[in-house]
Amino acid sequence: MSKPEKLIADGVRLDGRKPDELRPIKIKVGVLNRADGSCYFEFGGNKVIAAVYGPREVHPRHMQKSTSAVVRYRYNMASFSVEERKRPGPDRRSIEVSKVSREALEPVIFQEYFPRSAIDIFVEILQADAGTRTAGINAASIALADAGIPMKSLVSSCAVGKIDDTLVLDLNKDEDNYGQADMPIAMTPEGNITLLQMDGHLSRDEFREALEMAKKGCTAIYEMQKSALMEKYSSQIEGDNNE
Amino acid sequence: MDKKLVIPGDFLSDEVKLAEEGTYVEEGRVYSSVFGIASLKNHIRVVPLSGKYIPRPGDLVIGTVTEVAFSNWIVDIRSPYEGLLHISEFPRRIESTEMSRFIKTGDSIMTIVKDVDSRMKVELTLSDQRTRIIKEGRIVEVTPSKVPRLIGRGGSMIAMLKNETKCNIFIGQNGRVWISGKDKGMDLAVRAVLKIERETHISGLTERISGFLKEEKGEKPKEKDPEVTEEGKEETEFKETMEEVPESTEEEKAQEEKQGGILDELLGDDR
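In order, the protein sequences belong to chains A and B. Position one of the first sequence corresponds to residue 16 (my numbering), numbered consecutively onward. Position one of the second sequence corresponds to residue 554 (my numbering), numbered consecutively onward.
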């Protein structure tokens with residue numbers, strides 16, 4: 016697709032969304048049997064699976080920390096996830112995304128509870144449509160909770176960007192390719208930011224406004240993450256007190 | 554209701570002093586640290602719905618020997634940390650050269666966590682009446698956090714299981730369940746245990762399991778065919794020593810003390 020004449024007209028975007036509207040989200044918890052925790056996450060055109068293993072023994076041994084767990088995050092795009100075949104294996108981009116995503120989740124995990132162990136997070140992008148790292152972080156934080164790993168809170172993530180001089184929430188592929196700025200953000204429900212990257216340019220005021228938009232977006236995502244987890248055990252909880 | 558499903562970060566209470574496992578305190582407020590079921594009565598704690606077993610001193614666990622090292626057996630206890638059973642923790646003095654004559658790689662043992670240090674070095678022991686080497690029966694695995702529900706209030710659930718299936722059932726804190734008895738009983742017990750694991754969070758568990766057991770047994774009329782299989786032979790031998798094992802865990806200990814314990818069993822094997 017070549018650059019469209021306009022990315023936003025009369026407050027309506029190419030895909031019919033309003034500037035502050037998220038793409039539809041679908042979440043399923045516990046989709047993998049072998050993993051300790053897992054999650055399937057659909058974020059518009061993004062389709063992502065996250066799997067969490069651990070805490071488990073660290074291999075190779077020299078990676079282990081004697082006072083806390085090591086968190087390892089592997090972001091990987093399937094070769095069929097994008098239009099043009101993606102060459103399989105880690106590349107510069109996926110190594111970076113893995114690093115920043117890991118750092119987005121580490122602050123909420125109680126790593127010191129599990130010395131000399133590893134918590135492995137695998138995120139596979141099955142279909143990509145701009146914002147895969149945010150989708151990956153959303154999925155991974157649900158998978159961590161599903162694995163029973165102690166955390167301060169979940170982490171929610173979405174992007175804000177600028178297209179045709181207008182700030183918009185959650186860019187899609189075309190907006191990302193032809194827009195002026197893209198800023199993925201991850202935060203806890205209390206609003207502590209654990210990831211912030213920016214590609215393009217925003218003025219100081221735009222940045223402030225963008226942050227507010229992202230906050231609203233993350234809050235909306237947090238509610239969906241929460242209800243997805245609750246849904247896994249939707250049946251009535253044991254009422255009597257068994258000790 | 555005093556029980557509810559919570560996710561990490563959910564606010565639980567302002568009563569910091571009552572905060573227990575599965576919670577964390579920040580700025581005088583108690584939050585959940587895991588995805589699980591919170592109880593707010595008397596104490597604030599959250600029982601996770603999944604998670605790995607983290608060893609604690611005094612826990613009775615069921616482990617599988619993965620390696621016989623010099624003077625240590627290395628035991629998989631279904632945790633991120635391996636268990637070490639030192640030769641001196643064997644109930645009898647043995648030479649390190651003949652360690653694998655007594656316990657070899659692949660053998661399962663019921664053992665007790667003697668000590669866990671800050672680096673999570675886990676020491677196990679067999680010098681306790683409750684411990685033994687497992688020679689027959691089956692081992693099923695459940696989520697470790699569900700072990701209390703499997704035992705039930707005052708051992709009620711496990712007592713019912715034992716009664717209805719006519720099997721001996723031992724539950725390790727690490728979520729391994731050792732079932733031993735007749736084939737049919739074991740089949741039923743395994744299915745019941747797995748059903749309990751799946752349905753722990755749904756109310757009326759005990760009644761449902763009781764109904765399930767009755768129904769399953771009702772389908773097939775009670776048979777008392779002595780199956781002469783290899784397992785059958787072992788079984789009879791086993792019964793002599795184990796018949797009297799009562800239902801509740803506390804009594805179990807007392808009773809077992811009267812019985813031979815591990816040493817006799819081992820010597821019997823060795824003779």
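Since the hints were derived computationally from the structure, they do not count as laboratory data. Treat each hint with caution, since some may be false.
[Said to hold, decoys possible] EDC-like cross-link-like pairs, simulated, lysine to aspartate or glutamate; straight-line CA separation at most 20 Å:
#1 A:K167 x B:E750
#2 A:K247 x B:E580
#3 A:K80 x A:E20
#4 A:K101 x A:D144
#5 B:K674 x A:D144
[Unchecked claim] Computed far set for chain B versus chain A, every beta-carbon distance over 12 Å:
#6 D563
#7 R645
#8 T753
Nothing here was measured: the structure is a model prediction, and the numbers come from that model. C-beta: ideal position from N, C-alpha, C; glycine also.
Hints and how they fare:
Of the pairs offered as hints, the one joining A:K167 and B:E750 is violated, with about 26 Å between alpha carbons and a cut-off of 20 Å exceeded. For the hint linking A:K247 to B:E580, the alpha-carbon distance of about 31 Å lies beyond 20 Å, and the restraint is violated. Taking the CA atoms of A:K80 and A:E20, the gap is about 54 Å. The hint is violated against a cut of 20 Å. With a C-alpha separation of about 14 Å, the suggested pair A:K101 and A:D144 falls inside the 20 Å cut-off, and the hint holds.
Annotation: proposed proximity of B:K674 to A:D144 is violated, straight-line Cα distance about 46 Å (limit 20 Å). Not every C-beta of chain A lies more than 12 Å from that of B:D563, the closest at about 8 Å, which undercuts listing it as non-interface. The beta carbon of B:R645 is kept farther than 12 Å from every beta carbon of chain A, the shortest such distance being approximately 31 Å. Non-interface status of B:T753 relative to chain A is broken: a Cβ of that chain comes within 12 Å, the nearest being about 7 Å off.
The structure does not agree with the numbered hints 1, 2, 3, 5, 6, 8 stated previously, though it agrees with the rest.
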